[in-house]
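All residue numbers for the sequence shown refer to the working numbering, where the first residue is 12 and numbers rise by one.
Hints were generated in silico from the structure; no laboratory data involved. Hints should not be assumed to be uniformly reliable.
[Said to hold, decoys possible] Calculated pairs, DSS-like style, for lysine-lysine (alpha carbon to alpha carbon, straight line, at most 27 Å):
#1 K188 <-> K203
#2 K199 <-> K188
#3 K19 <-> K203
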Amino acid sequence: MSYKLEDKMTSLRAVSIAVLLYIFGYALKISVLLVEVLNPIIPNIIVKFIAAGFTGVALSTGLLIVSVNDKNKYTPYVIALMDAVMLLLVFNILNSKSINETLTSSFISFFMAFIGYQLISVFVTKYKQTISEKQQAISEINIECSESLQELNELKRELREVKQTTCGFCEKEYSSKNALNAHVGRCKENPKNKKVAA
Numbered sequence: 012m013s014y015k016l017e018d019k020m021t022s023l024r025a026v027s028i029a030v031l032l033y034i035f036g037y038a039l040k041i042s043v044l045l046v047e048v049l050n051p052i053i054p055n056i057i058v059k060f061i062a063a064g065f066t067g068v069a070l071s072t073g074l075l076i077v078s079v080n081d082k083n084k085y086t087p088y089v090i091a092l093m094d095a096v097m098l099l100l101v102f103n104i105l106n107s108k109s110i111n112e113t114l115t116s117s118f119i120s121f122f123m124a125f126i127g128y129q130l131i132s133v134f135v136t137k138y139k140q141t142i143s144e145k146q147q148a149i150s151e152i153n154i155e156c157s158e159s160l161q162e163l164n165e166l167k168r169e170l171r172e173v174k175q176t177t178c179g180f181c182e183k184e185y186s187s188k189n190a191l192n193a194h195v196g197r198c199k200e201n202p203k204n205k206k207v208a209a
């Protein structure tokens, strides 16, 4: 089975990679904000970057888990809105020098939040589709297995019936058990008959 480029581009793996890259970017955004927040609290630069980095990774991973598993339909929207606000803070929109800079930062922030929301939605849809396809394949295999077992049982039954009317010595098949019984007493391959003939 050969895959085309478009199959690979729309596969669950491609979407998963895009989501992971988005989450990595999300971790960086959170880390940048945390570094600014931790500046007055933690004077040591190394400790500050480690704390911000680990917290950013933990929060972005949590974001992914909540986005994918949450049953509340509003959660992804809230997360997308918070993502946009976070980007606005990263771009320091409150201190923008011009309306053009404000509009550009706002557009990028909301566009990236929208793309992130869409990526996670597509990931969830693709994942559910993949699970559904696997369950369908398992169901088809179970049906085939059941049909094969039924055929096997039918063949075993036919074999038992054939054995009941087949001579065990010469392996000749007869029309009934009575005909077989009459033959067995006279069968040339029967060891008892060989002794009598000798």
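Restraint check for K19 with K203, where alpha carbons must lie at most 27 Å apart: violated, 73 Å
Holds or violated: K188 to K203, with C-alpha atoms at most 27 Å apart: holds, 20 Å
Restraint check for K199 with K188, where alpha carbons must lie at most 27 Å apart: Judged against 27 Å, a Cα distance of about 18 Å means the pair holds.
The structure is inconsistent with hint 3 alone, although it conforms to all the rest.
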